[in-house]
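Start from the sequences, fold in the hints, and give me the full structure.
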Amino acid sequence: MKRVVILDPLWPLEESADVIATLDVTLDKAAEAVGDDVVAVLAAPEQRVPADLLDRAPNVRLVGTCSTGYDNLPVPELQAQGVTCIHVAGYCDDEVAEHTITLASALLRGVHQLDRFTREGGWWPFPREPRRIRGSRLGIVGFGRIGRLVAAQGNVLGMDVVAYDEYVDEATMRDLGVEKVDIDTLFETSDVVTLHAPLLPETRNLVNARRLAQMRDDAYLVNCARGPLVDHAALGDALIHGAIAGAAIDVYPVEPPPADEPAFGWPNLMVQPHSAWYSPAASLAPYTRQIDDLARFLRGETPVGVIPGGS
Amino acid sequence: MRVICTDDTWPIDRAQATLDRVGATVEFAYEVPAGEDIVGLLTYPGCAIDASILERVPNLKVVATCSGGIDHLDVAGLAERGVACCNIRNFCDQEVADHTMALIYACLRGVVMLDGLVRSGSWWPYPQPPRVVRGARLGVVGFGAIGHLLVQNALGAGMEVLVVSQHAGADEIAAAGATKATLDEALSTSDVVSLITSVTDATRGMISTRELALMRSDAYLVNTARAALIDHEALGQALEAGEIAGCALDALPIEPAPPEEPARAWTNTILQPHAAFYSEASEARSFDNPAEDVARALAGEQPLGLLQPVS
Chain A
1 MKRVVILDPL WPLEESADVI ATLDVTLDKA AEAVGDDVVA VLAAPEQRVP
51 ADLLDRAPNV RLVGTCSTGY DNLPVPELQA QGVTCIHVAG YCDDEVAEHT
101 ITLASALLRG VHQLDRFTRE GGWWPFPREP RRIRGSRLGI VGFGRIGRLV
151 AAQGNVLGMD VVAYDEYVDE ATMRDLGVEK VDIDTLFETS DVVTLHAPLL
201 PETRNLVNAR RLAQMRDDAY LVNCARGPLV DHAALGDALI HGAIAGAAID
251 VYPVEPPPAD EPAFGWPNLM VQPHSAWYSP AASLAPYTRQ IDDLARFLRG
301 ETPVGVIPGG S
Chain B
312 MRVICTDDTW PIDRAQATLD RVGATVEFAY EVPAGEDIVG LLTYPGCAID
362 ASILERVPNL KVVATCSGGI DHLDVAGLAE RGVACCNIRN FCDQEVADHT
412 MALIYACLRG VVMLDGLVRS GSWWPYPQPP RVVRGARLGV VGFGAIGHLL
462 VQNALGAGME VLVVSQHAGA DEIAAAGATK ATLDEALSTS DVVSLITSVT
512 DATRGMISTR ELALMRSDAY LVNTARAALI DHEALGQALE AGEIAGCALD
562 ALPIEPAPPE EPARAWTNTI LQPHAAFYSE ASEARSFDNP AEDVARALAG
612 EQPLGLLQPV S
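Chains A and B, in that order, give the protein sequences.
So the first sequence is numbered by our numbering: it starts at 1 and just counts up by one.
So the second sequence is numbered by our numbering: it starts at 312 and just counts up by one.
Check before you lean on any hint, since a few could be wrong.
To give an idea of the interface, some chain B residues facing chain A are shown, with a C-beta separation under 7 Å as derived from the structure [stated by the list, open to error]: (1) Tyr416; (2) Val422; (3) Arg442; (4) Pro567; (5) Pro584; (6) Ala586.
Simulated from the structure, these hints should not be mistaken for lab results.
Beta carbons are placed, not taken as given, at the ideal position from N, Cα and C, and that holds for glycine.
Structure (structure tokens):
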């Protein structure tokens, strides 16, 4: 029988038991996809699918990642060989937007640093003075689904919301209460810069030493998108030298971060375990939606999560 | 004429500039000294004042506190002896409402605890799983100026809001987009209970063993009002027993918190150093408005923050 290789050993197949029962394939949890009988491969976001996959599994026609970002898949190489690539979009938009605004408001109000300060015996004067959220400028880099939800949350809190996205026009942003600005203006004028762009060759190190130097020294950076959007070493330098006031990161160059991750020693940094996407409901959705899409593909239908670009 | 300031963080120069116009001099003293020329006091919540002070300062005319809370002042007793008491109102409403919202977000999304857990090597599964804010139920206890602003923040975040108020009717609360509830209803059904009411004989110790037991085991308690609203011993026990999920406290029974403050050891607790009121602008108002009111009282004018004695 044909095999579908599930690379993620933690994939909760029991959540999709009804759907799986209808599929004329075996679902096989394995560390590698090898063999003529493999027709599909599903990966977790931290699992990199090799570009030479078809050398070892020549009959693969579907490759999926159970995440919104698909930087772990060699999409152009696979599509060139006739492989359909799928991801799961939109299952955690609210969660990521809420986590982002949580981190932005925690940074502006100094919640995390004041908690530590109080535990260590401090009281007054504050080492980190809370700032007004209302009227602070929130700069959103990437105005897709999540960026728009973050904008709405920022507007509710009375923030002055600006965004940069070369693919979204001014009128669309204006209708959502957001001013479109160029990327230099965004970095130079925002109280909080938050990243909601996909990781692509052209967005890697989008926030580099030059962008960090453009930011105000009382400004904060939030990254709930992908680690490599930020030049990690440059962020460390900026925090250590006070070039920016602080940052909150949910993502890292390597995940999970190693025990000697230098970020844990940087000042004024909140760290999160790639948890912005999470809620109890969202925790199962990517798996069940991806299995649903696998079923569609095997029935000859078009999966809802097809990554564009293939023929 | 002399005015004594009992708060060693007060910007005395600015107070003096205000009091120059009535010919009074301001000086700092932890304990109010005896003196017939002392006519005014500038004070703060850490310094209790009642009519017995008149034994030392028989010609006292006005006491002004740099706080909204007045539980440290015996307003009726002082008024009986002809001493006007003033507080500052609405000087930090937006700051407190926004800080409270930041803490509600931080509780539900788990960001402060997750930061500590990541640093100690945790990654997945999350020991403190984030929850969805949209659709979560917030119980707001108190419907004054800050409560109104908090309700707006929470509704904007998509929360369902219950309001507990002795004064506001169901219509007034419905007009703000929330639902009037009893304290027990709010406690037993809310994801987060936020206290934003003043300390009176009716509210002192209002959250104790019975009330904490009513709360859901996955619920959070947020207090950005006054510590005296809560029986802290009962709160510590409820946290230890897992009767509630966690809390965020901006007010502690003794402020500044002494080294032996037990809350520092509580699990799932965000501690803040009485910082919700703060922004650069609100802090300036908190000192300038009382000095202005002392000047007005000494000049025979109506102080802006004059308190009406309630017997």
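Structure-based check of each hint:
no. : hint   : in the structure
1   : Tyr416 : holds, 4 Å
2   : Val422 : holds, 6 Å
3   : Arg442 : holds, 6 Å
4   : Pro567 : holds, 3 Å
5   : Pro584 : holds, 5 Å
6   : Ala586 : holds, 5 Å
Figure legend: structure checked against the earlier numbered hints; every hint is met.
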